[in-house]
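Use the sequences and the hints to build the structure in full.
Chain residues, written in single-letter form:
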Amino acid sequence: MSLVESQIETFYEVMRKQGITRRSFMKYCSLTASALGLGPSFVPQIAHAMETKPRTPVIWVNGLECTCCSESFIRGAHPLAKDVVLSMISLDYSHTLMASAGHHAEAALEETIEKYKGNYILAVEGNPPLNEDGMFCIVGGKPFVEQLKRVAKDAKAVIAWGACASYGCVQAAAPNPTQATPVHKVITDKPIIKVPGCPPIAEVMTGVITYMLTFDRLPELDRQGRPAMFYGQRIHDKCYRRPHFDAGQFVEHWDDENARKGYCLYKMGCKGPTTYNACSTVRWNEGTSFPIQSGHGCIGCSEDGFWDQGSFYDRLTNIKQFGIEANADQVGMAAAGVVGGAVAVHAAVSALKRAQKKNEKVEG
Amino acid sequence: MKLVVGPFNRVEGDLEVTLEAEDGVVTEARVNAPLYRGFEVMLQGRDPRDALVITPRICGICSISQSAAAASALGAAMGLAPTPAGADMAALIHAAENAADHLTHFHLFFMPDFARPDYAGRPWHGRVVERFTAMEGSAQRQAITARAELLHVMGLLAGKWPHTLAIQPGGVTKAPGAREKARLTATLRAFRRYLEGVLFGGPLEEFIGLSDVPSLMSWGRGDVGLFLTLAADLGLMDLGRGSGRYLSFGAYRRERGPFFASGLWEGGAQVFDPGAIVEDLSHSWMEGEAAHPYDGRTEPDPQMASGYSWCKAPRLGGRPVEVGALARMVVDGHALGLEMAGGGVLARVAGRLLELARTQVLMEELVAGIVPGAEYMARGGMPSEGRGAGLVEAARGALGHWIRIEKGRIAGYQIIAPTTWNFSPRDAGGVPGPLEAALVGAKPGVEVQHVVRSFDPCMVCTVH
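Note that the protein sequences, when read in sequence, are chains A and B. If you're matching positions, the first sequence starts at 1 in full-length UniProt numbering and goes up one per residue. If you're matching positions, the second sequence starts at 1 in full-length UniProt numbering and goes up one per residue.
Don't read these hints as lab results, they were simulated from the structure. Model, not experiment: these values are computed from the prediction.
Here are the computed lysine-lysine pairs in the BS3-like style, where the Cα-Cα straight-line distance is at most 30 Å: (1) A:K190 with A:K115; (2) A:K142 with B:K443; (3) A:K267 with B:K181; (4) B:K181 with A:K261; (5) A:K142 with B:K2; (6) B:K407 with A:K267; (7) A:K238 with B:K181; (8) A:K117 with A:K185; (9) A:K149 with A:K117; (10) A:K27 with A:K156; (11) A:K153 with A:K115; (12) A:K149 with A:K115; (13) A:K185 with A:K149; (14) A:K190 with A:K153; (15) A:K190 with A:K142; (16) A:K190 with A:K117; (17) A:K17 with A:K156; (18) A:K156 with A:K115.
This is the structure in structure tokens:
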């Protein structure tokens, strides 16, 4: 593809303009490769793609939410990866971080939509409440649902950040006073990538967006629309406390001896056995920890309906123990009742292989 | 002339301000929080413990404050106090979040407005553009990096952030060992190096020792010095002045009491009675009578003609109060805080910086006091009937949760967040909220932006 014909500058050009050196650019490419589970041989392909492809514009809008997704994102994985991704996004529109305010901001949004019609990715944080004609979330004097529809109309694809955009999250908890509604129920004619979690892990967010920006295609999704590369395994599958589960060693009270020994938190209500996410492998806050490591069970925040499944501190029922479970799908479906299209345990490994195969086809 | 300012970017959540202006200055302001989710309604009928999971999700920036308030309200209902070591770790996690919030406010939300072309030609403008242009400034990159590193504290002690689960009524679920203590020590050492090397440009103890405004203004070092220079040039002490009436619930409750004192201040320390808190609904899109939060209800009615905000109007003894870092420094009796009482934009921002420096010292003390193997959690049972209040200090000011438990379930749950106090609408007597009052006299435009941001609003907490 020729650069000259392209109206939008390439990633590489943008990065150079942002003062990022060639050396840092190459480092970024290798970081991207490793974040996506690809080998060093993919680095030149990524570099080539970024040098020759026009960059993908991103519009980031906020509905009914708590901004935890933005919070998570701005502490993204590697400082360099975060800088690069952030600078890409900043070029277009981001409600929480951008410089301009008020009507200038609205104008900037319109301009961005016009300029990149059909080519941009819409990233949605939060969701639209539909009760009272959308009155519960007003942006620029109009219901957020209108902004969402307007921006989605000319988008190439939609990323639903977090549990709010993907499923509704706690603000949709019974009785769902505002009728908070996930994005896919309002936008039905665009590909939607759900990146659930409350919030999603920073590295997962940067991973997903980097993949889309770099390869100009959607990552492989599971049946719920989540990127398989990050949501292919249960927390339980890679939990460092798993041996205690298998050995039948459980915490019974927050302050008991077993808690001090770091035994399994299943009886304290841990939802790790039915939750598909990368917390136990990627971990949080730059890889320092995840909830189970702090002695508290998983609440299943990346699963649909996690907010209305009885108390967060009730234990799951129907979980088989001592290594006799035959099939993770069954466990997921039986216990949570919401993981309808649950993914097989081996999905992460095979997703990686598939990604590698696909990436071999990446052309500049 | 009537003006509507909004949506505001670079604030947490959505905000709209309607201004009446005459002769180029604001004569009347009405603040609207245009986002409502109904957390108080959702909590009803649930297992009381679920408040620990649900309320932090009110806000992704101050989720630990919400978590601490919920744990404290439940603890009060259970008659359970955290163990001393548990209280200290909860304080440490909470302090780290508040410090991170202050850093975010200064760099990402407040200072970028001074890089606007409106100020081109001012002697400090070039430097501010270089350091603080939104998303590009060199100071912002440094601050975001320092903040992410500070938040390792959350990883080490709280599992994840935002939306931590570690704080419970009896203490914390994570018992730190020698390894955590060493890593926390290193994390805080790095954060102090950043604060002293970049933000303050000098020893924190020296800044904490400042006792009057003239010596503050001549600080002259670091990004703090840059801010003080432009604040002096633009007269920010007198822009958006406060009422001089401050409330703090007391921050970081340890065995011997809060690290920053609790109380009410107006010209001097006053008696603070939590029973005198009432939420007035006369100008909110809410049905019902004014009530103490134990008896309060949340029934939205968007049709209500006299309403102009989802925000209720909390009043203490019938009057509005200002809350926040400045309020904490004043109520705590810090010399510089007292000197700045009643001040405007400069006082609020400097109060935050002063608190940031003092918070670092507290965090170091808490980490030094970690004893591996100590009791970090006390055991208690949930009563089937009871009530309790959790009064804590979020970065932005006083945060209260009031819970009523009946038949083992939540019968009532009311929350008053800091910005609910600061950005409250008018009450039945027509008395405006603190921001509404502070905006009178400002010039529409960038000045209004400075005043609004000086409160560090958190709109998602405000209405919840």
